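K.L.:
Chains as they are written, first to last, in this note's numbering: chain D, 1 to 365; chain V, 1001 to 1260.
Take the hints with a grain of salt, since some may be wrong.
Restraint-style ranges between C-beta atoms, simulated for each label pair [as the list claims (entries may be wrong)]:
no. : chain 1 : residue 1 : chain 2 : residue 2 : range
1   : D       : 239       : V       : 1031      : 45 to 55 Å
2   : V       : 1002      : D       : 238       : 48 to 58 Å
3   : V       : 1016      : D       : 92        : 20 to 30 Å
4   : D       : 102       : V       : 1213      : 55 to 65 Å
5   : D       : 322       : V       : 1031      : 33 to 43 Å
6   : D       : 238       : V       : 1035      : 41 to 51 Å
7   : D       : 110       : V       : 1154      : 44 to 54 Å
8   : D       : 75        : V       : 1249      : 52 to 62 Å
9   : D       : 293       : V       : 1029      : 42 to 52 Å
10  : V       : 1026      : D       : 102       : 34 to 44 Å
11  : D       : 357       : V       : 1210      : 37 to 47 Å
12  : D       : 75        : V       : 1035      : 42 to 52 Å
13  : D       : 92        : V       : 1026      : 49 to 59 Å
14  : V       : 1026      : D       : 229       : 20 to 30 Å
Calculated directly from the structure, the hints in this document are not laboratory data.
Small disclaimer: the values here were computed from a predicted structure and weren't measured.
Even glycine gets a Cβ: it sits at the ideal position worked out from N, Cα and C.
Listed below are the residues making up each chain.
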Amino acid sequence: MSGNGSLSGPGRLSGPGSLGDASTQPAGAATVRQGLLVDEPLAQYATRHGLKPSAARPPLFSYIAQIWQRRHFVVGFATARNVAMYTEARLGQLWQVLTPLLNAGVYFLIFGVLLGTNRGFPAGLFLPFLVTGVFVFNYTQRSILVASRVMHDSLPLIRALHFPRACLPLGYVIIELQQLLLSFAVLFLIVLGTGEPFTWYWLLILPVLALQTLFNVGASLIVARWGAGFDDVSQLLPFLVRTWMYTPGVLFSLQALSLTALGALRSHPTIAYLLQINPAAVYITLIRYALLANERAITAGTKPYNYRLCQIYRVFPVRNPYNVAYCHPIVTDTGLWLWGVGWAVLALVIGFIFFWRAEVRYGRG
Amino acid sequence: MADPMVVVDDLHVVYRVYGTGGDRGNAPSALLRMVRRQSRPSIREVHAIRGMSFVAYRGDAVGVIGRNGSGKSTLLRAIAGLLPPEQGAVYTDGHAALLGVNAALLDDLTGEKNVVLGCLAMGMPPAEVKAAYPSIVDFSGVGDFVNLAMKTYSTGMGSRLRFAIASAKSHDILLVDEALATGDAEFRRKSHARIEELREQAGTVFLVAHNLNEIEETCNRVIWLEKGKIVQAGDDVLGIIDAYLEAAGGEPRVRTTADA
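Turn these sequences into a full structure, and let the hints steer you where they fit.
P.N.:
Quick look at the structure:
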């Protein structure tokens, strides 16, 4: 301790003190440290000694570098969370596989058996079509829903340790990716079980999932910032996402709606186009195309356009499902890929900048 | 003259608290509010810090004292950059790490995972984490509990582990908010030694504690807060503590000569 033995009065009163006080106080070596103030404007003093505002966000590129430096944290965090998720369930990690299976079962029961929406599908083709859609959509759905709560739920961690906050939504997307890979193992078995062949087309799944992951990261970052600001977001979001799921293209065939003579969207090509280019439909359609040989056979545009054969499909879709290949597609294959890349880049750039701009506010709660 | 590490310049911090007072917060009143196009009337502003200025230097251990609600924890959170200032600014040299009593890390993960992830989050490379792991667990003294989920820990064990993790890396500025209060005597001795060590590594430590003994033993400066303002601040640790006790209606401390 530094010479406190004397009976000299306590340190100077800083009182309502602020900048004004500091500058009016008499200068002198003794007073400089005594009252914990200095004899020049503090902002100027801090700048002169190279101090930085504590609540300043880092520049964008050094922020990205910081995240890259924490990559081990992001992956470790995701893996540990994933393992811990089912520790209290008796079936434990088995739920990682059971959850997607049960999901697919429920949707098949409702849409395949009870409602019979497999109209327009040759028998046996609806199950793989549906399950693929559910699993792929589930990836985006869960990424977004979890992201809406992540900043709120991780508040203790945010307040305890200093790290780029984007690591958190990023980590949760990786959790979902790890779960998706497991559900894809299940999906492959279901698909092979329905008699689909294993082909080189399956390799196309990898770039599509990569694009979808980028899109999910971007969307999660946007939603994470909203969710950090308003709790209402995490309440409302499940309804929005569920509505999104029921748009044609995910559970229902968009082709059957827009290309057949009795389809609800037959005279609304613009709406059909917009539904097809929505990110969920883009990635799901691309995955289905890669995974399912039967789906490729009943995708419009895979054969040269033929007016007569296409008309036969339009009028008798149930009896001539394969004729749809001779019709014009809603969006071409190339178009879908371009939209897939576009959505991924757009979401990632906007999401990242949007999230980064609020970086210093996340600890506020 | 020593380098300044923390400069607090006319700092004001305002909390906005939702859903308190007047408004009962039920559905009809929320609807009525929307119909009348009122913005949430239930927002209450709490002016937690009302103009503080001080400078802390490299190697300082600054004790922050004051009654409950005087703004001690808010001040530390503002220094850590977790609460943006309403007015004024906080300047720091490097990042400030805040260590609080409620800073649960990842409750449903094991102590082991918390150590590893906590260190990685602070930016330590994996190899360094591996090397530091035994000493962190050893320092925390949680023993076999390290393999159990952190939510099974007692308050004391939890705060010991958190302190061990946060102090594993040498921070430029360490903010300790009552984090040592729940530890036992042995841990308190160890953590004091660790704080001394951090100070010697040319860092700055801020310590909030209701236990004035702890402040006297550890700190070379004291800031006394009252209602969001500084009452006294300076090097005279014993003098300020005595003045604080007198104001609070307590007896001045009786010290043996060894203390002074």
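K.L.:
Hint compliance check: list the failing hint numbers for this structure, sorted ascending.
P.N.:
1, 3, 5, 6, 9, 13
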